[in-house]
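**Student:** Same order as they appear, the protein sequences are chains A and B.
Residue numbers for the first sequence follow this note's numbering, so the first one is 64 and each next one is one higher.
Residue numbers for the second sequence follow this note's numbering, so the first one is 460 and each next one is one higher.
What the hints contain is simulated information worked out from the structure, not anything from laboratory work.
Do not rely on the hints blindly, as some may be mistaken.
Partial list, computed: chain A residues near chain B (C-beta under 10 Å) [what the hints assert, rightly or not]:
no., residue
1, Val85
2, Ala91
3, Asp107
4, Ser128
5, Arg129
6, Asn131
7, Thr134
8, Ile139
9, Leu179
10, Ser182
11, Leu193
12, Arg219
13, Arg224
14, Lys229
15, Phe233
16, Leu247
The model shown is predicted, which means the values in this text are computed figures rather than measured ones.
Idealized CB from N, CA, C, for every residue including glycine.
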Amino acid sequence: MDGSDAAVVAQVRAGDSEAFRVLVDRHARTIFRLASRMVGNEQDADDVVQETFLRAYRQIDRFESRANFGTWLYRIAVNCSLDLLRQRPRRRQKLEPEDGDEPAADPDANPSPERLMFSAEVQTRVTSALHDLSPAERAAFLLRHFEGQSIEEIGRALGLRTSATKHTVFRAVQKMRRALEPVLR
Amino acid sequence: MTGNGNHPSDEQLVLFFYGEADGRDAVAAHVDACTVCQATLGDLQRALAAVDAHRIPERGAGYGGEVWARMQEHLERAPARDWLSWFAPRRLALAGAVAVLLVAAFFAGRYSLRPQPAQQARTTPQPAAAPASAAPQVQVRDRILLIAVGDHLERSQMVLVELMNGPTEGPVDISGTQEWARDLVPTNRLIRQTANEAGDRVVVDVLDDLERLLIEIANSPSRLSSAEFEQVRQRIEGRGIVFKIRVLDSQVRQREQIAAARPARAHS
């Protein structure tokens, strides 16, 4: 099925629930990437994706047609991720690769051992730094850095004012910089 | 430029990197001419490029279909979306809470910028003759104050929530949070004094409590044992300060919305 997200949303609202599948197909992988960085493991990320689309489906009447459907989904996904992080015992809130969660292959086909070690060190430090961010900082940073959301959109997603959103992104970046400083010197 | 000397602050440079800085042209012109800021921006770019290299597992092209299939079971069980669902107990509870907040905000009328005694004395003799052009200025001032107060409450909440959600094991380094708490103290003091002059005891009490907590956090050692950190957390929890700030913040937000709506009504 072709058509803009807004057109598909209109079909769903008109009673064609099957049309919602088009939206799931279009956005599921992007939402998975965001959720995966937010919650830190694949299984929880899959749960967040499912919960995001379920909430979106149930709340479709609240979606404003003029808004961007993808941005609206981000907002729901961030809230689902924050809910999940809140429910988790604190000590489980670690963003660590699980067994079998091998990172994707290095784009360099024949990296030197030094290069491999450096990449592994950076990977570990980024993972650890993301873990050390508060949930709001993590969400703000991921939405800004990886998803290219504007400060205004992030503020709406997190329920923060513009100035607080800017400061949250700044604090997250500062923490990431500090964490990476030793390996980038 | 609001940073040290004539340089943009670190926050401005980060926002500039993301294309979100206020006065972007001025920052760009400065960076073009300043080797110090070029070096800072270079460091920032290197760090964020390393973040870009962070890899996560990807899902294949059929992932949407898998999610849709898993959703089916839940959708079949889902209740119909009709008006009756508004009477579900949880919704009613939420509606009740919202109503309480609305009523509280209505009666509180906080931060509507009551005229200061001196201003009152000047304006009381000729209320009808107040210049019409002054009204929009007062409204703008109202909004600016409300935004500043709301912003302060939000940042304070974030400091406290960050501490509440900190790690439960091992020594904890809170130097970053302390720095933030230290920055919030002068603003808190200013707002508290203003509220005190306006005779708003409830706000004064909350801000008083908050100020003592912020000072305690700012002055405690930066590296805490898990037992010391737990004590800090208990002090925050024990005072119920996060909840009090949250309630105050929702009231300020409502006043903000009312203030924002005023000019539109004034012009209609």
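**Student:** Grab the minimum C-beta distance from Leu179(A) to chain B and call the hint holds if it beats 10 Å, violated otherwise.
**Tutor:** 13 Å, violated
**Student:** Would the hint on Thr134(A) stand, with a C-beta cut-off of 10 Å toward chain B?
**Tutor:** Result: violated, 16 Å to nearest chain B Cβ.
**Student:** Phe233(A) was flagged as interface toward chain B. Is the shortest Cβ-Cβ separation under 10 Å?
**Tutor:** 4 Å, holds
**Student:** Can you verify the interface hint for Leu193(A): is its Cβ closer than 10 Å to any Cβ in chain B?
**Tutor:** 8 Å, holds
**Student:** Min Cβ distance, Ser182(A) to chain B: is it shorter than 10 Å?
**Tutor:** Check passed: Cβ of Ser182(A) comes within 7 Å of chain B, closer than 10 Å.
**Student:** For the hint on Leu247(A), does the least C-beta distance to chain B fall short of 10 Å?
**Tutor:** 5 Å, holds
**Student:** Under 10 Å is the threshold here; is the Cβ of Asp107(A) close enough to any Cβ of chain B for the hint to stand?
**Tutor:** With Cβ-Cβ at 12 Å, over 10 Å, it is violated.
**Student:** Does the closest beta carbon of chain B sit nearer than 10 Å to the beta carbon of Ala91(A)?
**Tutor:** Because about 4 Å separates Ala91(A) from the closest Cβ in chain B, which is inside the 10 Å limit, the hint holds.
**Student:** For the hint on Val85(A), just tell me whether its beta-carbon gets within less than 10 Å of chain B.
**Tutor:** 9 Å, holds
**Student:** Could you check if Asn131(A) really has its C-beta closer than 10 Å to a C-beta on chain B?
**Tutor:** Hint violated; Asn131(A) Cβ to chain B Cβ min 18 Å, cut 10 Å.
**Student:** With 10 Å as the cut and Cβ atoms as the points, is Ile139(A) at the interface with chain B?
**Tutor:** Constraint on Ile139(A) not satisfied, violated at 14 Å.
**Student:** Does Ser128(A) pass the interface check with chain B, least Cβ-Cβ distance below 10 Å?
**Tutor:** Constraint on Ser128(A) not satisfied, violated at 17 Å.
The structure does not agree with the numbered hints 3, 4, 5, 6, 7, 8, 9 and 12 stated previously, though it agrees with the rest.
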